[in-house]
Structures are given as C-alpha cells and as structure tokens.
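Listed below, chain by chain, are the residues.
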Amino acid sequence: MENRLVIVGAGQSGFAVAAKLRAQGDTRPITIIGSESVPPYQRPPLSKKYLVGDVAFETLLFRHEDWFRDNHIDLCLGSSVEEIDRREKCIVLQNGSRIAYDSLVLTTGASPRSLPSAVGGDLQGVYLVRDKRDCDLLRAEMRPERSVLIIGGGYVGLEAAAVARSLGLRVILVELGTRILQRVAASDTSDIVRAAHVAKGVEFRENTGLVTLISDQGHVTGAELSDGSKISADFVIIGIGVVPNDQLARASGLSVGNGISVDEYGCTSDPSIYAAGDCTEFSYKGRSVRLESVQNAVDQAETVATSIMGGRVRYEPQPWFWSDQFDLKLQIAGYNVGYDRTLVRNGSRPGAKSVWYFQQGQFIAVDAINDPKAFVSGRRMLSLGINPPAAVLEDEGLDLVAYIRSITASAA
Amino acid sequence: MIEITFVEASGKERTVTAPAAGDLMHAGRNADIVGMLGECGGTCGCGTCHVYIEQHWLDRLPPPADDEADMLSLSDNLLPESRLACQIVLRAELDGLRVQMPEVQG
Numbered sequence: 001m002e003n004r005l006v007i008v009g010a011g012q013s014g015f016a017v018a019a020k021l022r023a024q025g026d027t028r029p030i031t032i033i034g035s036e037s038v039p040p041y042q043r044p045p046l047s048k049k050y051l052v053g054d055v056a057f058e059t060l061l062f063r064h065e066d067w068f069r070d071n072h073i074d075l076c077l078g079s080s081v082e083e084i085d086r087r088e089k090c091i092v093l094q095n096g097s098r099i100a101y102d103s104l105v106l107t108t109g110a111s112p113r114s115l116p117s118a119v120g121g122d123l124q125g126v127y128l129v130r131d132k133r134d135c136d137l138l139r140a141e142m143r144p145e146r147s148v149l150i151i152g153g154g155y156v157g158l159e160a161a162a163v164a165r166s167l168g169l170r171v172i173l174v175e176l177g178t179r180i181l182q183r184v185a186a187s188d189t190s191d192i193v194r195a196a197h198v199a200k201g202v203e204f205r206e207n208t209g210l211v212t213l214i215s216d217q218g219h220v221t222g223a224e225l226s227d228g229s230k231i232s233a234d235f236v237i238i239g240i241g242v243v244p245n246d247q248l249a250r251a252s253g254l255s256v257g258n259g260i261s262v263d264e265y266g267c268t269s270d271p272s273i274y275a276a277g278d279c280t281e282f283s284y285k286g287r288s289v290r291l292e293s294v295q296n297a298v299d300q301a302e303t304v305a306t307s308i309m310g311g312r313v314r315y316e317p318q319p320w321f322w323s324d325q326f327d328l329k330l331q332i333a334g335y336n337v338g339y340d341r342t343l344v345r346n347g348s349r350p351g352a353k354s355v356w357y358f359q360q361g362q363f364i365a366v367d368a369i370n371d372p373k374a375f376v377s378g379r380r381m382l383s384l385g386i387n388p389p390a391a392v393l394e395d396e397g398l399d400l401v402a403y404i405r406s407i408t409a410s411a412a
Numbered sequence: 001m002i003e004i005t006f007v008e009a010s011g012k013e014r015t016v017t018a019p020a021a022g023d024l025m026h027a028g029r030n031a032d033i034v035g036m037l038g039e040c041g042g043t044c045g046c047g048t049c050h051v052y053i054e055q056h057w058l059d060r061l062p063p064p065a066d067d068e069a070d071m072l073s074l075s076d077n078l079l080p081e082s083r084l085a086c087q088i089v090l091r092a093e094l095d096g097l098r099v100q101m102p103e104v105q106g
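Chains W and D supply the protein sequences, listed in that same order. Following my numbering, the numbering of the first sequence begins with 1 at its first residue and continues without gaps. Following my numbering, the numbering of the second sequence begins with 1 at its first residue and continues without gaps.
Just chain D, with the same shape it has in the complex (with noise of 0.2 Å):
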C-alpha cells in the first residue's frame, strides 16, 4: 500500500492508502475526493479527472501520451503540472505522492 494526499480545490488535505497498483484516478473516487469525477470510468475519454502533481513528482512519472496531452489541451485552468489521474498508474515509487485537486473539471 502506498499513501497519497489530496489536497482538494477548498484546501482541505486527505490522506489516503491506496494499493501500489491500479491508477490514481480510481483511488481519488473510491476516497471520496472532491473533484475526482473519471466520468469515462478511466479510458481517458472525458477529461473529467484532471490534477496537478508537483514538477518532482512529475519527473518520476513517464510522460502523458498523446491522448491524454490532446484530452487535457483545452482544460480549464491548464497548467504545466496538468494530468489525467486515470493515466497514473500507482506504484511503490510514488509512495507519499501530492495530487493538487483544480477548480472545476472539464
């Protein structure tokens, strides 16, 4: 099990446990997070479970693929550390990882 924090779009910090495999999508819904819809159910169609991950954490992540680049290009509120949570896919490096929950979706 790995610890992810969500800080979502009011401030409020939530910790949760989540299995080092699966994606970050589905463990920001099945905690309930504010703001983590995944409305496509994780096959990066909707654009619905956009984050942002600190520039650090980025790095050890691989780069987003053409889809999701395409699927986030007209977000509101884009910015560098944008991603779609359904394309993290957890592991036992990103123990202690920090997900910075936007605004609104879509």
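For reference, chain W alone in the conformation it holds in the complex (with noise of 0.2 Å):
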C-alpha cells in the first residue's frame, strides 16, 4: 500500500509538516489539501505590512508553486474536505473525491470568531481578518477621510487600528473589557500600547460593549454601545478572538477539547492522524493550553514530522510572538499565564521598555517594546533557565546581553 501522506489546511503549519520531511529526505508521496486558492503564505503580516500596502503578495508565499512540483508534492488548492473515513483512511472531498492516506496531518488552523448575525454580523461592510481575500476586501475600504470602527483591542483588532490610523482613516477601538491585551498582557504593556496609538489618534472605548450594529439598506453604518451611545462608521473590523477548525476532527470522532487533543508527539487520539497549529490543544505547563502563533505552528508540526519519520521527540514550546502597530514593535517571548507580579524595565535606547513577567519568583515571560534585547534576553534566559534577581532588571544600566554572556561565560 502507498504510504501516503495527506495534510489538511495549508497554512503555516501544514506547510512546515511538508517542509520537514523533504528537508530531512523523506520521500513518501505528500497531498496538502487547501481551502485558499493560493500556496501556503504567511499570514501575521495580512493584519501588518499587507494590509498597508507595503509588500506585494508574492513575499509571502513560503515557496512558489514550482518547489511543491518539484519536490513531488500535490497542492490540492480551493478544496474542502468533508470527512474523514478512518476506518479506510481515506479523507473524502466536498467533490465527492477520496484521497487514501497512510498518515494524516490535521492543520485547519482557527477562524475568526464572528459577530452574530442578530447584531449584524452579517451586513455589508462588516469585515473579519483571517486570510488574503479578507484583507484585499479590507485594503480597498481603507482610503483616508473614511471612519472605521474596531471591535476588540487584542492583537488583530489593534494591528488593523493602527493600520487604518496610518492611512488617515478615524479610528474608533471598542474594547469589552476594562483594557485593551487585557486576555494577553499586563496592564504594564497595555498602558503602553495604548498610549502609543492615543498619540496618533486612535480613539478608544474601553469598557464599552457592542449592542447592535447599525445599517441602512444592508449595509453597516455605525453602531450603538453600551454606554448608550451611537456611533457612525463606514466600515467596521471584528476582532474579538479566534475558535479552532475542529469540526472534522470533532465530526471524525477524535478527542477534541478546545481543540484537537495532541500528546508531545502531535498525535492525535488515532495513531494514525496527527494535528499542529492553532487548531490543537495540549498540556503545557500543567494546564490544557492552545497556542496561536508561528512559533507553535511551526514547531509543533516539525515535532509531527518527525514522528511520522518513526522519531521520538517531544514537543517542548519556547513561545515567542511578535506584533507591530505605529512604530511600536512588540516582541513577547515565554507564556505569561498564572503570573503573579511583573517589573517594568526601561531599556538603553529611546523609549524602549519591556515588562517581565514572574510566577512566584519565577521568570515566565517578556513583553518588549522598541527593545530588542531585552526579547533576545529574556528568550535566552528562559531557554537556559536562568531566573534573574530583581536587582539585575531595575538596575537599568546593566546590559542584559553582557549579564547573560558573564553567566554563561562562567557556566562553560
């Protein structure tokens, strides 16, 4: 029997899965199944530098259609599969085709959460971000003079602010909870962020729910809060989190929780049938976690790879992310969930900052703004495992970089 190998979703992490094992020389026949029309691209700069205008598409293809010819794997583009049939290991297309697979890899991603429709998610001008069309849709509503309203202050919803605000739009930010990153930062680095768009003329509503969406002739318009008031707005942007495509995996009779349930080899509850990416869940740290970012789509798939090979190599996440909005660069490295007190450090250079994060004395994690080296730093010293005494971060004349060169100097 063929040994095939079938991937479904041809995203970052799927794209890596493929990428591992012909770097590593292994041959078997591959089938990356994709919902898009177009190869396997980068998607964190579709919120960023695309959505701007500053780079053309075709930067970020991870290859150009000719690598996945020559290196003898099948894009199968603009296909759904419907269901997967583990009794025959076959997954089954919306076209009715079936596709045999030997192993198979699930890297559906996640998909914006939406607004119901009842508040008028559905109206025109209403739009979410998640792939190119989306943001092609968004590019051409973004002209200067034209009002658009953000729901949501996480990471998609801020990164398009300050798009939208730096192509002369009015920007207006309506947060549900009492701060912006309130899901993913400390209030340290939200104050931060904050201020850096205030001053360049974001508006925010914190504390402020949506009630409905307001249109005229199915087409939004603004909106009324829950502060009683209305706003206008000629387009509106919903950020308000991602949930994982499970639904194969959940319909297939796999173990879903909130996402596909992985062990540390990326396999999923079949033997046969792996996942990596946004799409899983797994135990990280003592908790069940889903992490939405390059680092876990890529590193987690080359963990899939690799057990595919028939290795036996753990999965253990070193996250970092990253997210750019003005001239505000944010660099985050670790995971910063159960932190019980952070410590703000100024960095050398101008109005650079970072915010770390501790768990009962513990280093677990760093938010740098315009810091390079505190990320660098802090990334190494979580890698290594060096806890650093508060008196080498508040004393903000010490190089952080020379700090960990003396310790490990010292431990060579």
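The hints are simulated quantities; they were obtained by calculation from the structure and are not laboratory data. Hints are all accurate, no fakes.
Output of the computed footprint for chain D on chain W, the stretches with three or more beta carbons under 8 Å from beta carbons of chain D: (1) 39 to 45; (2) 61 to 69; (3) 289 to 301; (4) 323 to 336; (5) 372 to 378.
Facing chain W, a subset of chain D residues (Cβ under 7 Å, in silico): (6) C40; (7) D67; (8) D70; (9) M71; (10) L74.
Ideal Cβ placement from N, Cα and C applies to all residues, glycine included.
The two chains are supplied separately, each in an independent frame; assemble them into the complex guided by the hints.
Structure (structure tokens):
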C-alpha cells in the first residue's frame, strides 16, 4: 500500500510539516489540501505590512508553486474536506473524490469568531481578518477620511487600528474589557500600547460593549454601544478572538476539547492522525493550552514530521510572538499565564521598555517594546533556565546581553 | 538579476539567481537554502535568518541598524561577519555575493 501523507490545511503549520519531511530526505508522497486558491503563505503580515500596502502578496509565499512540484508535493487548492473516513483511512473531498492516507495531519488552523447576525454580523461592510481575501477587501475600504469601527482590542484589532490610522482614517476601537490586551498582557504593556495609539489619534472605548450594529439598506453605517452612545462608521472590523477549526476532527470521533487534543508527539487519539498549530490543544505547564502563534505552528509541525518518520521527540514549546503597531515593535518571549508579579524596565534606547512576568518568584515571560535586547535576553534566559534577580532587572544601566554572556561564560 | 552563492552548514554550495531587489532572506528561502528560516517574515523580529557575510562584501553593505545588532547580540555562533539576511537589501552591486549559513539558527 502507498504510504501517502495527507495534510489538511495549507497554512504555516501544514507547509512546515511537508518542508521538514523533505528537508530530512523523506520521499513519501504528500498531498496538501487547502481551502484557499493560493499556495501556503505567511498570515501575520496580513494585518500589518500587507494591509498597509507595503509588500506584494508574492513575498508572503513560503515557496513558489514550482517548489511543490519539484518536491513531489501535490497541492490541492481551493478544496475542502468533508469527512475523514478513519476505517478506510481516506479523506473525502467536497467534490466526492477520496484520497487514501497512511498518515494524516490536521493543520486546519483557527477562524475568527464572527459577530452574531442578530447584532449585524452579516451586514455588508463588516470584516473579519484572517486570510488574503479578507485583507484585499479591507484594503479597498481603507481610504483617507473614512471612519472605521474596530470591535475588540486584541492584537488583530490593534494592528488593524494602526494600519487604518496610518492610512488617514478615523479609528474608534471598542473593547468590552476594562483594558486592551486584557487576555494576553499585563496592564503595564496595555498602557504602553494604548499610549502609542492615542498619540497617533486612535480613539478607545474600553469597558464598552456593542449593543448592535446599525445599517442602511443592508450596509453597516455605525453602532449602538452599551454606554448608550451611537457612533457612525463606514465599515467595521471584528477582532474578538478565534475558534479552532476542529469540526472535522470532532465529526470523525477524535478526542477534541478546546481544539484537537494531541500528545507531546503531535499525535491525536488516532495513532495514524496527527495535528499541529492553532487547531490543537495540548498539555503545557500543567494546563491544557492552545497557542496561536507562528512559533507553535512551526515547532509543533516539526515535531509531527519527526513522529511521522518514526522518531520520538517531545514537543517542548518555547513560545514567542510579535506584533507591529505604528512604530511599536512588540516582541514577546515565554508564556505569561499565571503570573503574579510584573516588573517594568527601561531599555537603553529611547522608548525601549520591557515588562517582565514572574510566577512565585520565577521569571516566565517578557514583553519587549522597541527593545530587542530585552527580547533576546529574556528568550535566552528562558531557554537556559536563568531566573534573573530583581536587582539585575532593576539596574537599568546593566546590559542584559553582557549579563547573560557573563553567566554562560562562567558556566562553560 | 544577480547571482548569490549560499554555502550551507553542510558545506554544500548553491548558486542562485535573484532579482536585484527585495532582501537576502527571501532570496534564500525561495531557493530552499537549508537554515534560512525567516519565521517573522522579514521584520527583524525573530533572528532566524542569521548568515555570515565575508568582510569584503560587508564593506559594500550599509552597517547593521541597532535593531539588527541587538537581535543578533545573543545568537549562537555570533561572529563579526554575522548579519540578518532580512535586513540586507539586494542590489546590482551585490552580484556574486557569498553567504555562509550557520550551524543552527536562533
């Protein structure tokens, strides 16, 4: 029987599985199935450089189409999978055709949570930010002097706000929580990011919910907010989180929680089926987590590729993440969930700041804002298990890079 | 178009042609050069496109900006020839450039 690997989902993680296998010299037949009509590409720039119009789409492609041909990887684009037939070990496409697999990888990603239609979620002029098509439509809307309402103060909403404002739009961002980035960052970081946006003219309404969008002839014209105010907007961007695309796994009887459950080798509850990236949940630091990041998409995918080749290497995440907003370069290393204390450090360059997270005295994560030195230092401390004393971080004249070099030199 | 020779960590040399535009990271990635990761997509955000450029070629490049130098500062196998490929803009004068890939990225 043919030992075909079928990968469902042509995003960062699906591409990384195939690329890793080929880089390791594995020659088994591979089919990648993607719902979009373009080869796998990087999504993070969509809400940043691509949306602002700074880069051409081609630069986002991981490889051009001929690479897949040259490497004997069938790209099955514009297709969606209807069913996994686990007994027959094949997948069924929407057009009814079946593809048999020896191993199957689910890299189906996550989808933006949409606004219910009862409050206007399906009106014209309401956008989600997930793929090229979304962002092409949004770019056409982003003309100077127009106004945009953004629902949700997470990374996607804030990045879209920064792009829109820098293109000369009026931007109002509504956040249900008491502060932006509430779910993902300490208030120290929220305050720094907020101040940068306010300085550029973004208007924030925190602690404010959306009652309903208002429309005229099926097109959104504004919104009614929970504080009783009404605001007008030419279009609306929804950035209220994502949900894992785990429907296919669930329907086929795989173990699914908040995402497709996988073990430390990327294996699902079916030993022939693996999963990686945004669509998975797994155990990390005693919690069941789902990490939405390039780091997780790539590193978990490489773990899966190793497992498929018969290796046994545990996935040990070393999370990192980034966001660009106006002239803020935010880089995050570590996983801050469970922190009980933060420490803010000014970097050596103007505007450079970092927020260090601790849990019971143990350093667990850092948010570096225009401070790459703090980012690389924090990342290295986490990977080496260095727990920096508060006195070191509080000494802002001390060069963290030199500090780490001195520790690693003395340990060598 | 210009020619760029990448020397992978294994010693394998690959000469590729690339447009005299764009950046070295994308040129290497498009050519499937082993070790050219560029996980952040070329925003000087991750440090996974570390390369070595010989001194006489370095002399023809603008020096690294502070962000690039800081991102490199704790890289494994840091050398005076270290650069981040995403920050190197390709131009006609770089025809013939030789690029050594490191043992590991990060």
